[in-house]
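Protein chains: 2
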Amino acid sequence: MAKDNRITLYDLQLASGATISPFVWATKYAVAHKGFDMDIVPGGFTGIPERTGGKTERLPAIVDDGQWVLDSWLIAEYLDEKYPDRPTLIGDPSVKVCGQMIESWLWQTAVGPWMTCYLKAYRDRSVPEDHEYVTTSRERMFGGRKIEDIIIGREDRLPEISANLELMRTTLRENKWFGGDSPNYVDYRLLACFLWLASVADIPALVEDDPLRDWLDRGFDLHGGLGRHAGLSPIFGLQTRDGDPEPFNRNPVGNGLTKRNTGPESTRTETAMMKGQSAK
Amino acid sequence: MAKDNRITLYDLQLASGATISPFVWATKYAVAHKGFDMDIVPGGFTGIPERTGGKTERLPAIVDDGQWVLDSWLIAEYLDEKYPDRPTLIGDPSVKVCGQMIESWLWQTAVGPWMTCYLKAYRDRSVPEDHEYVTTSRERMFGGRKIEDIIIGREDRLPEISANLELMRTTLRENKWFGGDSPNYVDYRLLACFLWLASVADIPALVEDDPLRDWLDRGFDLHGGLGRHAGLSPIFGLQTRDGDPEPFNRNPVGNGLTKRNTGPESTRTETAMMKGQSAK
Chain A
-12 MAKDNRITLY
-2 DLQLASGATI
8 SPFVWATKYA
18 VAHKGFDMDI
28 VPGGFTGIPE
38 RTGGKTERLP
48 AIVDDGQWVL
58 DSWLIAEYLD
68 EKYPDRPTLI
78 GDPSVKVCGQ
88 MIESWLWQTA
98 VGPWMTCYLK
108 AYRDRSVPED
118 HEYVTTSRER
128 MFGGRKIEDI
138 IIGREDRLPE
148 ISANLELMRT
158 TLRENKWFGG
168 DSPNYVDYRL
178 LACFLWLASV
188 ADIPALVEDD
198 PLRDWLDRGF
208 DLHGGLGRHA
218 GLSPIFGLQT
228 RDGDPEPFNR
238 NPVGNGLTKR
248 NTGPESTRTE
258 TAMMKGQSAK
Chain B
-12 MAKDNRITLY
-2 DLQLASGATI
8 SPFVWATKYA
18 VAHKGFDMDI
28 VPGGFTGIPE
38 RTGGKTERLP
48 AIVDDGQWVL
58 DSWLIAEYLD
68 EKYPDRPTLI
78 GDPSVKVCGQ
88 MIESWLWQTA
98 VGPWMTCYLK
108 AYRDRSVPED
118 HEYVTTSRER
128 MFGGRKIEDI
138 IIGREDRLPE
148 ISANLELMRT
158 TLRENKWFGG
168 DSPNYVDYRL
178 LACFLWLASV
188 ADIPALVEDD
198 PLRDWLDRGF
208 DLHGGLGRHA
218 GLSPIFGLQT
228 RDGDPEPFNR
238 NPVGNGLTKR
248 NTGPESTRTE
258 TAMMKGQSAK
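Residue numbers (the working numbering), protein chains in the order written: chain A, -12 to 267; chain B, -12 to 267.
Same shape as in the complex, but just chain A:
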């Protein structure tokens, strides 16, 4: 049992002290969800093995009353297994499978493309001793292109990335959380991607009235405003220009897959439309 209800978390931070890693963000939420306080060990990418006594090259890592646990998913599973009487993070094996698929979708759809927009801020905001590592490792990831070149054209890409998030908006129009009535580890995995975004967003990525905002605001406010670190930037406020795609669907027709048939009254209008009769 965590001594004094405290768990030690090794953070991965920018110079502002804001967490940069989405995996660490997810772990912070997981630890808070289980009702523990955190002792944060600060630091950037440089010197992780030294800080952790050789335990790991990657973060997050936690120490729970002397026991080291590595890896954001393994930490969540450890917390559920060790503390089953506290609020559950992953309530069914299917939540992990489906949550990882949705997280992969979000990385492909937005996190990866946003990386091409915010890589310079990512590097510039990192702690000074990380600058060279972030520059060389990320330029290598992008086939040797210069960070300054990678971000060119981001004003054209941002409205399109926003538009591509519609599948997530549809889900959140119909559900309060990915966990259902209350947030679970899937919410935290996905919120963590937007917190990563906020940590590097030197210009906003989403428009002010994006329907995702309700879930994001509620999520950032959770656990005493865990996602409201002063080092984060506003992610809302994207200005669109003539010719940009609509940043979100302003006229969603509803998701036929989630309409429920409760009898003829519930389908009459749709039936009339399908038969070409005038639908009142």
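No wet-lab data here; the hints were simulated from the structure. None of the values given here were measured: they were computed from a predicted structure. Where is the CB? At the ideal position from N, CA and C, for every residue including glycine. Treat the hints loosely; a few may be bogus.
Claimed, not checked - Rough simulated footprint, nothing fancy, chain B against chain A, three-plus residues with beta-carbon under 8 Å:
(1) 19 to 29
(2) 39 to 46
(3) 71 to 82
(4) 92 to 106
(5) 154 to 167
(6) 238 to 248
Start from chain A and add chain B according to the hints.
Leaving out everything else, chain B in the frame of chain A:
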């Protein structure tokens, strides 16, 4: 309690007797998963209100010892609530939220596009009294275009639709079922889309060695080969041509999001690569 362990299911069929509706397919699997036998009431689109005594315009519907239950999701929830001691379909509220998002993704990615390839077979295979309804309602859905015109170019579209399913392949490379170690209602919702495909596939949609095949074959075999109806067509056997996109990724690099950090040994090769050192 279902009398004699039997539940009555109102089917939505093609002339072959194969189920056409993915929602009815999902319900058949749900009823079988709970261990019930089914009394099938056959029929097509025409005359659903008459067949069901005015209870519904849409199928599936079940009758459990005199109690009518409509709607594929509501039926699954009813079965879990009424029979909690039998195998669970939806083990956590998050499974429904995440499963519906993944199902929406599959409809956008594949079911909708496949509809433009198989609409003629869909109509031609329907029961004779449905032909006119299917023709006029579907042509209206597609902005008034003729069914024969809608399917033009499908040989170009099929390899691309297949390629776009990669996110699902990644998930199934790493998990046996969407339910985890055993199938749950999310598997059934998604399998149902491929069973709909098999009901109308007058030419194959996927190549013989598609990595999805393992999950699909295991899924179609479940519950005594429920997905092996004689009226279904082979979905594997798509022939690709020069210039077609690869129908699936033959060199997946692995999903970084699902790699687990179990200590420095587990990350050493990746670390060397990121630092530009030669990775053995």
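Are at least 3 residues of the segment 154 to 167 of chain A within less than 8 Å of chain B when you compare beta carbons? holds (count 10)
Counting residues of the segment 92 to 106 of chain A with a beta carbon closer than 8 Å to any beta carbon of chain B, are there 3 or more? Holds: 3 residues of the segment 92 to 106 of chain A have a Cβ under 8 Å from chain B.
At least three residues with a C-beta closer than 8 Å to a C-beta of chain B: is that true for the segment 39 to 46 of chain A? holds (count 5)
Taking 8 Å as the C-beta cutoff, is the stated coverage of the segment 19 to 29 of chain A by chain B satisfied by three or more residues? n = 0 at 8 Å, threshold three: violated.
Are 3 or more residues of the segment 71 to 82 of chain A near chain B, judged by a Cβ distance of less than 8 Å? holds (count 5)
Holds or violated: the segment 238 to 248 of chain A covered by chain B, criterion of 3 or more residues with Cβ-Cβ distance under 8 Å? holds (count 5)
In this structure, the one hint that does not hold is number 1.
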